[in-house]
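Chemist: From just these sequences and the hints, can you work out the full model?
Here the numbering used here is used: position 101 in the sequence shown is 105, and no number is missing along the way.
To be clear, the hints were calculated from the coordinates, so they are not data collected in a lab. Treat the hints with caution; some may be incorrect.
Simulated restraints, written as ranges between beta carbons of each label pair [what the hints assert, rightly or not]:
hint, residue 1, residue 2, range
1, L89, V52, 14 to 20 Å
2, G79, H35, 16 to 22 Å
3, S48, R97, 32 to 38 Å
4, A32, N54, 17 to 23 Å
Virtual Cβ for every residue (Gly too), placed ideally from N, Cα, C.
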Amino acid sequence: MTIRPNAPMPDGLRHFMRAGQHPARAVACPHCGAAEHRPCRIPSSGRVLNRPHPQRISVWAEATAVCPHCQVAPGTPCHTDGIPLPGAEVHARRYLEAEEMAA
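Modeler: Here it is, written out as structure tokens:
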């Protein structure tokens with residue numbers, strides 16, 4: 005068997021290696037600019053945060069889950085009577101759906 009030090013890691017294995025991280029770290033943070041799979045930071049001080057910014061969690065929930073409230077597909081913003089929610093927010097039920105899918 006040949007060992008290749010730079011071989012890509014399979015996605016299934018990568019998921020289990022990062023099991024202790026919040027699943028929202030799979031997307032880039034629109035608030036602080038943290039790259040995918042990197043922790044969020046406070047932009048002014050550079051301090052690393054334990055949890056992702058709320059904006060990052062919203063982007064992750066929108067990208068991964070169907071919204072049970074407004075019935076939109078993953079990747080589509082939530083709306084109320086056809087009007088998008090302010091600040092690119094998502095419904096609370098969509099957060100729960102995304103967390104259930106990640107578990």
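Chemist: Determine for every hint whether it applies to the structure shown.
Modeler: Results for each hint:
{"no.": "1", "hint": "L89 to V52: 14 to 20 Å", "in the structure": "violated, 29 Å"}
{"no.": "2", "hint": "G79 to H35: 16 to 22 Å", "in the structure": "holds, 20 Å"}
{"no.": "3", "hint": "S48 to R97: 32 to 38 Å", "in the structure": "holds, 34 Å"}
{"no.": "4", "hint": "A32 to N54: 17 to 23 Å", "in the structure": "holds, 18 Å"}
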